[in-house]
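A.B. asks: Spelled out, the chains give:
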Amino acid sequence: MTDSKYFTTTKKGEIFELKAELNSDKKEKKKEAVKKVIASMTVGKDVSALFPDVVNCMQTDNLELKKLVYLYLMNYAKSQPDMAIMAVNTFVKDCEDPNPLIRALAVRTMGCIRVDKITEYLCEPLRKCLKDEDPYVRKTAAVCVAKLHDINAQLVEDQGFLDTLKDLISDSNPMVVANAVAALSEIAESHPNSNLLDLNPQTINKLLTALNECTEWGQIFILDCLANYTPRDDRESQSICERVTPRLSHANSAVVLSAVKVLMKFMEMLPKDLDYYGTLLKKLAPPLVTLLSAEPELQYVALRNINLIVQKRPEILKHEMKVFFVKYNDPIYVKLEKLDIMIRLASQANIAQVLAELKEYATEVDVDFVRKAVRAIGRCAIKVEQSAERCVSTLLDLIQTKVNYVVQEAIVVIKDIFRKYPNKYESVIATLCENLDSLDEPEARAAMIWIVGEYAERIDNADELLESFLEGFHDESTQVQLQLLTAIVKLFLKKPTETQELVQQVLSLATQDSDNPDLRDRGYIYWRLLSTDPVAAKEVVLAEKPLISEETDLIEPTLLEELICHIGTLASVYHKPPSAFVEGSRGVQHKRLPARAGSGESTDSPDVSQSVGGATEAAPTVIPSQGDLLGDLLNLDLAPPAAGPTVPPSMQLGAMDLLGGGLDSLMGDDSEAMGAGLGSTPAVMPTSLGAPPVVGGGLGDLFDLGGSVGMPAGAYVPPKSVWLPAMKAKGLEISGTFARRSGVIQMELSLTNKAMSVMTDFAIQFNRNSFGLAPAGPLQVLTPLSPNQTIEVSLPLSTSGPVMKMEPLNNLQVAVKNNIDVFYFSCQYPISLLFVEDGKMERQVFLATWKDIPNDNEAQFVIKDCHLNSDAASSKLQGSNIFTIAKRTVDNQDMLYQSIKLTNGIWVLTELRVQGGNPSYTDLELSVKCRASEVSQFVYQCYELVLKN
Amino acid sequence: MIGGLFIYNHKGEVLISRIYRDDIGRNAVDAFRVNVIHARQQVRSPVTNIARTSFFHIKRSNIWLAAVTKQNVNAAMVFEFLYKMCDVMTAYFGKISEENIKNNFVLIYELLDEILDFGYPQNSESGALKTFITQQGIKGQHQTKEEQSQITSQVTGQIGWRREGIKYRRNELFLDVLESVNLLMSPQGQVLSAHVSGRVVMKSYLSGMPECKFGMNDKIVIDKQGKSGGTEDSGKSSGKQSIAIDDCTFHQCVRLSKFDSERSISFIPPDGEFELLRYRTTKDIILPFRVIPLVREVGRTKLEVKVVIKSNFKPSLLAQKIEVRIPTPLNTSGVQVICMKGKAKYKASENAIVWKIKRMAGMKESQISAEIELLPTTDKKKWTRPPISMNFEVPFAPSGLKVRYLKVFESKLNYSDHDVIKWVRYIGRSGIYETRC
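As they're listed, the protein sequences go chains A and B. Be aware that the first sequence starts at 1, since it is given in our numbering, and climbs by one per residue. Be aware that the second sequence starts at 1, since it is given in our numbering, and climbs by one per residue.
Isolated chain B (complex conformation):
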C-alpha cells in the first residue's frame, strides 16, 4: 500500500510530507526531488522506480503530488487516490497552489490522517469529511452523542455520500448534460476518429432520502420498450431519436447491479452537486463545425493559408466562444490576416494565428486567409504542420443524448415527483477538435 505521500512546490521544496509505512525513509523525499523534479529531461513516465522504491506523481499547476511505495500496490488505485485527494483539497480551500497549501497545512495533515490509514484509502467523499473535519478546528467535543454516531455511520455506512434529515422548503434539482466532442479529421475531410465523452452533472436540493430514477434515450432501453410495446410505429420513431452508448460509468451512488440487469439507473443522490454518470459515444455524432484548410507553399519564404469553417446545426441555435488556432512555422517573420468575421491575431509566442468569433448561428460559413512570411533557414528538416484546432460551445448535445425523465420518490416525506422543480440544460463543448492540414 501507499507508504508515504509528499507535496512539493515547483522548486522541489517539501510542503507536506506524511509517511505511513516503516519501509519508507525520509530520504525518499529527496530521492524524488533529485531524480524527478530536478531532472533535466522531460518526464517520461508518471511512475518512477528509484532504488527499488516506486514513486507515483501527478501535477496540479506547479504543485507536485507524489505517492511512494515499496510494495506491489494497485497502481490505478494510487492515481485515483491522488486525484481524489486533489478534489478533497479543492473542496476545502479552492485552488491547489503553494500558498493555499501552506495556509492549510494543518488541515491537510488532518485530512491525510483520515483518508489514508496505513496507506489504505478510506472514505474520501468531501461531503462526509466536512461533517467532522472543519476548517475551524474539529467539532468533536461539542457534538451530542447522536450527532457523533450519525457521523460515524455516514462515514462507514452504505450510503456514505448522504446524511439523514436533510430538509428543503423547495425541492429542486438541476441536470446539466455536458459533452465534449472530439474529432480528428484528415485534410481531405475524412473523419479519422470522432467521439463524444459526456457527463451528466446533477445538483440536487431534495429533502429526506429520495430515491431517484434517471432515464435517457439509450438505444438499448428504447428498443426494448419498442419491442414490448409491439407497435412498429413506436419502434421506428424511437429509432431515430435514440443513441447508441458505447460505455458509461456511474457515481458510486448508482446501483450498478440494477443497471447491469435492467439497464435502469436508480440511486439516492448526494446532497448538492455531483457527477451522476459519464458516457462515451462514437456513432452518429453531430459535428458542430467543419474546418476546411488550404495551405500553399509559395517558394521557400512564404505560406498562404486559407481556412473555412462551416457550422452544421439548426440555424436557430447559436454557437459561442469560437476559436480557431492555425499553427505557424517556427521561422515565421510576419503574418497578414484577413477575416470576414470575428478577430484574428498572430501570436508569435504561441506560434499560431488565433481567430476568435464570439457568436455564430447554425448553417453559416466563415473564412480567414493569411499570408505567412518566413525567414530563410538552413534547417533541412521540413516543418511538420501541427493540426488546426478549434474551440467552441454549443447549446445542444452533439451525441444526440436526451434526458427523458428523472423521477423522484420519497415515501417518508410528503412530497411527490410533481412537486420537485427540475431543470435540464445541454452544453456541447469542443474536446480535442482537430483537422490536419
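Just chain A, with the same shape it has in the complex:
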C-alpha cells in the first residue's frame, strides 16, 4: 500500500472534489479522501473549509479513520470553534467505550482541542478516566490534566483535578506515576509558590520505588522531579544518592544525565570527609565518559554539560583528558566543545600530551577550529607556567607555516603570554616582526602594535614599524587606531628624542581628523598629559599592568550553580538561565544548589574559602573571551540598543578605554583631584582647537552625578528596589527607582558588579510601553565597573517614545547591555511620574468635566490608616503634581476636589474625603474619574504611596 499518492494532488478545484468524496457512501472512498486532506494539511495547505465534511466522518467504527479525523480536528478546531462542538458527542460517547484504547484516545484528543466550549464537556469524562480501572487510560488522563491546565488553569483547580493528580503519585502502575509526576511538575512550574508538588520523604520514597520499574522516559520525569527536592539532612541526601546511582548504567543518555543532575545537586550536602562522597565522585566519571560514545548530537549535549561539571567539580574528570581528544571525523560542534574541555582539564601532569594534540589540530581544515586550537595553546601557556616555553616554541613553529589565520591568531595569544610573563620571551619578537605585513585582521594588528609599543626600547626600528602603520591610519579599525595611538605615545616616552615628530603626527590624526570620540578623547588626554607633566604621563602610560589570570570564560559562580541544577536541559546547552530564553512565567524561578549540611561545614570550609579567595584575588581577565556560538542568537528580537538618537553608543567607551587600563587605579585613588584638574582648567587644552564640547560635557556629567542623586524634590521617590538580581545577569545587579524632579522624569539606577571581571560598555533600551517612556540620553556609565563596585546613574527619560499598551499599565520592560551580554528585566513605575506640573484645572472646567465623564468611569477606593488632615494631604499631594481645585466641608468631612494631568494629555479628576474631626476614623475615601478608566487603579496606588510616605 502506498500513501505517497496523496501528496501529489495539486490541481485546482481540489477542495470541491474532496468534499464530494468525503460525503461519499463508500467507506473506502471516505477514508481515502480524509487521507488526502491530512496530506494537504501537512504540506501547509488550508483545508479548513472541509471542516463539517470531515467531522461527519467521525462517527465510525473504523479506528484508523477516526484517528485521522481526530488529527484534523486538533489542527482546525480552534479556527472553527462553533463547528467543533459537533464533535463533542462522539468524544463523550467514546470515553465510555468498553475498549480502553478508545477511551484513552478520546480523552487524549479532547485535551488537545483548545476550544472553551469543548473543555467544559471534557471535565466529566476526564474525572472518570482519572479513576479508570485500566492503567493505560489513567496514564493518558494524567497528561490530559496538564493539557487542560494549559487551556484553563482556573477550571482545573475548581474541579479538583489537582488533588486527583496528586493521588495518582501513589498509583500501583509505574507509568501512571511517571506521567502524573510529569504533569504535576509542569503545572507547578507555572505556579512557583504553590505547594503542588509537595515533596516529602514519603512521596520521595514512592518516586524512588517507581523509578526502578517504569519506562526510560518515566525515569527521566521522576529524576528531573527529584532534582527539585531538597533533602532535610546529609543522611537523607546520601540514601537518595544511593538509590539513584544504579541509573548511571542506563542505556538512555538522558536517564544518565538526569541522574548526574540529582547526584551533583545532592552531593553538595554531603560532608567531604565522608567515604561515600569519594565513592560517588569516582562513580560519576565512567558514565560521563560513556556519553561520549553516543551519537554526535547527544555527545554535544553531554559535552556542554561536562563543561559545567568540570567547572564545578574538576576532580571528577581530571584523569580523563584522553577521551576529549578530537577525532578526525567528529562534527565541528563536537570538536569545538571537546577543545574547550581539554583546556579546562589541562594541568602540569598532562600538558605534554595536550600540547601535542593541539599542535595537530592547528593543521586541520576548519578555520574556526584551527583558530581555537591556536588560542588554546596560548591559554595552556598562561595556565601551566612550566609549559609556557614549550607553548611559545609551538606557536613559533605554527607561525612558520605562514598560514595566514594561524599566524594572526598566534600573534594575538603571544601578546597575552607577554602580559603574563613579562621579560621572558621577548627574543621571539624578531620572528613576529617578520610577519608584520601578512596581518590583516584588526585584532592581530592591534596585538602586534601593542607588542611593538610595549617593547619599543628593544626593537631598533620600532619607530619605522609604527610609522608604517600610520600611513593608512584612517582606514584602520578603531581597535587598531587606539592601540597605535597608545603605542606611539609609549614609544615617545621611551625614546623622546627621535620620535617627537611621530607623536605629533599621531596626536593630530587622532584629535583633528577623526570622527571617533573615543579616539579623540584619548588623543586629547595624552596631549594634555604630555604637554603639562611628562613625568605624570610616564607614570600613567607606562604604569605597571595588573596580572592576568589563567582561567577565562569561567561561568559566573551563581549562574554556574543554577546551571548545575539544570543539567541535561536546554539551559545547560545554552549555558544561560531558562529565563533568558523561555517566555512567560515558566522557568523564571531560580534553582539553587542546597547548602551543605551543618555537620560538614567546619571540615570543608577551608576548601571553600580557598576557592572563593582565589576568585577574588584573581585580577580581571584580559584575554578576550571568544563569543560563544549561541551567545548572540537570543538577541535576535532585540537589536543592539540605540541608546540615544544623537549620541553614538561608543561614547561610553571613551572614558573607559582612555589609558588602556592603566587609568583604573588612578581614577580610583585620585578621581577628585583629576576631576578638578580637568574640569576647572579647560584652558590647558590646546587652544587652537577650541574646547571640544564632547570632552567637557562627558567629563562634566561624570562628576555631576553625585550631586544630582541627592537633589531635594517635592515628589515622593520610592526607595530603590532590586530589579535585576545578579544571579540573572552574570553578576550585574541593578536596583533602581523613578523620580520626577522639576519636570524631568528620571530613572535612578544603582549598578553593582558582583562578578569577577570588569564590566564596560553599558547601554540601555526600553521596550515600547504604555506612556512612551524612553531614555532621553545614553546611560552615562563612563568608567568601567570593577568587581564589587557600585555606580549610581541617573537616566533622564522622555515620554516621546513609541507607545504600546502594557499589562499592567505601568509595566516597563528594559534591556541593559554591557560587554558581557544583554539582560532583560521589567519594572513598574509609579504613575505619578507622569503627572505634569500644569495639571491644575480651572474650577469651571473641572465641574463641567466631572459631569461630562460618565459615572461608569468612576472608581472608588479606600486609603486605610492615614493620619493626615485635609490640608496636610493637599500639600503633600501637591508635591506630586496632584492639585487641589476646591475644598468643601460637609458634616465634619472634608472633600478635596483634585485634578491631575498625565504626560499624554489625559486628565484625571478625583474627590478625596477626609474625616476632619474624628481622629479614630483614619480611612480616606477616594473617587477617581477619568475617561481612560484603566488608569484609576494606578492613580489610587499613587495616592496611597504619596500619602503614606
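Do not rely on the hints blindly, as some may be mistaken.
[Claimed, not checked] Here are the simulated BS3-like pairs of lysine-lysine, each with C-alpha atoms no more than 25 angstroms apart in a straight line:
#	chain 1	residue 1	chain 2	residue 2
1	B	Lys283	A	Lys318
2	A	Lys283	B	Lys213
3	A	Lys312	A	Lys322
4	B	Lys302	A	Lys402
5	B	Lys283	A	Lys206
6	A	Lys283	B	Lys224
7	B	Lys145	A	Lys93
8	B	Lys213	A	Lys327
9	A	Lys318	A	Lys272
[As the list claims (entries may be wrong)] Sample of chain B residues lacking proximity to chain A, with all beta carbon distances greater than 12 angstroms (derived):
#	residue
10	Ser17
11	Thr90
12	Val106
13	Gly165
14	Lys224
15	Lys310
16	Lys343
17	Glu365
18	Phe396
19	Lys422
20	Ile427
These are computed hints drawn from the structure, not numbers from a lab. Beta carbons are placed, not taken as given, at the ideal position from N, Cα and C, and that holds for glycine.
Chain A is already provided as a structure; the job is to place chain B on it using the hints.
C.D. replies: Using the frame of chain A, we list chain B on its own:
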C-alpha cells in the same frame, strides 16, 4: 516539553508535521527550513535557537527530523527520543527515506500520537507498539476484552517489553558480542588513545517469562569470586582472563539496582532481538593490526608512501574485509601503486588510495608502496596529512571479553536451563582506527 515534531526531505519540504503545544505556530516549520536546512553554512550546532524557539535536529540519510520547543526541556531526552523515533519507524517500514515516509504517513501520524502525548514521550518499544498499531489499520475492534487489557497492561506495565504467553517448541538463544576497536596512533607507533566499545546483542526465542542471568569475565566479579574461593591459584589464573570494564550500560530490562549492589546481570528478556548491554574498555586491548606509515616528500611534485600492516592475533584466525585508506593531497595528478597482497586503487574523488585485502591470517605482514605525482601549486599552505584509516573484521573480541554463562530459569513452564540451545559469537570490527602519518 516537545512542542512539535517535523520531518523534512532534503529540499526542506515538510513530510510530517505534528504540533503538540499551543506555543508553537505553523511558522516554526518555515523558520527551521529557512534558517537551518537552507542555510548556506555547514551546521554548527544540532540545537538552534530562532526567535526564542529552540530546534533540535538529527539527520537520517537525507531526511531531517526536527523537534521544536519554547521551554527549557530536557535536551538529552529530546535527542534520545528522536533516535528512538527513528528506531520505531525502521522497525515498522525499514529504511528512513522520503519514499517510505510518504508511503506510511498515516502510520507515522498514528505512532506520533501514541509515543508522544502533549510532548511527553510515552512507551516507545516497537515490540509493544506493534501489538496495537499495525500497518493494516488497527486491530482494536476485533480484539477480545482480555486481549485489550493485555495490551494496555503491557504498554504501561513493569515489563513493558515482553508479553505473557509466548511459546516456542524449541527454546533457543543467540548471543553476539560485537566490538568496535578504536585507535589513534602516532606516526612513531605510540598509542595516543585506544578503546573498545562493545555491545552484547541477544536474540531470544524463549517460552514464558524466563528469568535470565548473564555472566562474563568482568574483573570485579572474578576477583570477588577468587577471594571467596580463597585459593591463590584460582586468583592467578582468573587474573589473566578477566578484563577491566570501564563502564557499562544496560537495556531497560536489566535490574540496575541488582547490578549496582551485586554486579550481577539479571533480567527478563524481550522476545526477539535486543541489545542487552553496551560496555567500554581501555585496558589491555588486543590491537588486531598495526599500521606503519612512511611518507617521504621528494621535491615539490612527488610523494613516496610506504605502508606496512601487521596482523597481531593467533595465526589460526582469519581477519576479513580489510581496507586501508591512505589519503592523498588535493593536487594529486597521478598515482602508481604496488602491493603484495589484495588490490589497491587510487580514488580521485575520495582523495585517497584504497587498498583492499579479502582475508589475512594472524601474525602476517603485508606492504604497499605508492608514488604520488603532484601538480605544482601556488598555495602556500602545506598539505596537512589526514590520518591513515583502516577497516577490518576479526572473529574475536579485542577487549578480551568472554561470555561465561547465560542461565535461563522459567519456573512455571517445564523446561530447564539445559534444554535451552545457546549460541555465542564474537565479532571485532574496526571503529575509528587511525594512524597519523
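A.B. asks: Run the distance test for Lys213 of chain B versus Lys327 of chain A: straight-line Cα separation, threshold 25 angstroms.
C.D. replies: 37 angstroms, violated
A.B. asks: Can the restraint linking Lys283 of chain B and Lys318 of chain A be considered satisfied, given a maximum Cα separation of 25 angstroms?
C.D. replies: Given that 25 angstroms is the threshold and the Cα spacing comes to 18 angstroms, the pair holds.
A.B. asks: Is the Cα-Cα distance between Lys302 of chain B and Lys402 of chain A 25 angstroms or less?
C.D. replies: 22 angstroms, holds
A.B. asks: At 12 angstroms, judged by beta carbons, does Lys224 of chain B keep clear of chain A as stated?
C.D. replies: Since the minimum Cβ distance to chain A is about 17 angstroms, Lys224 of chain B lies beyond 12 angstroms and the statement holds.
A.B. asks: Lys283 of chain A and Lys224 of chain B: Cα distance at most 25 angstroms?
C.D. replies: 19 angstroms, holds
A.B. asks: Does Lys272 of chain A sit within 25 angstroms of Lys318 of chain A, going by the straight-line distance between their CA atoms?
C.D. replies: 18 angstroms, holds
A.B. asks: Lys422 of chain B: least C-beta distance to chain A exceeds 12 angstroms?
C.D. replies: 23 angstroms, holds
A.B. asks: For Lys312 of chain A and Lys322 of chain A, compute the direct alpha-carbon distance and say whether it is at most 25 angstroms.
C.D. replies: Status holds; Cα separation ~20 angstroms.
A.B. asks: Would you check whether the claim that Glu365 of chain B is not at the interface survives, using Cβ distances to chain A and the 12 angstroms cut-off?
C.D. replies: It holds; Glu365 of chain B is separated from chain A by about 26 angstroms at its closest Cβ, greater than 12 angstroms.
A.B. asks: Check the hint pairing Lys145 of chain B with Lys93 of chain A against an upper bound of 25 angstroms on the C-alpha distance.
C.D. replies: Roughly 18 angstroms separates the two Cα atoms, so the pair holds.
A.B. asks: Once the closest CB in chain A is found, is it more than 12 angstroms from Ile427 of chain B?
C.D. replies: At roughly 18 angstroms from the nearest Cβ of chain A, Ile427 of chain B sits farther out than 12 angstroms, so the non-interface label holds.
A.B. asks: Does Ser17 of chain B clear chain A by more than 12 angstroms, comparing its Cβ with all Cβ atoms of that chain?
C.D. replies: 5 angstroms, violated
Figure legend: structure checked against the earlier numbered hints; hints not met, in rising order: 5, 8, 10 and 12.
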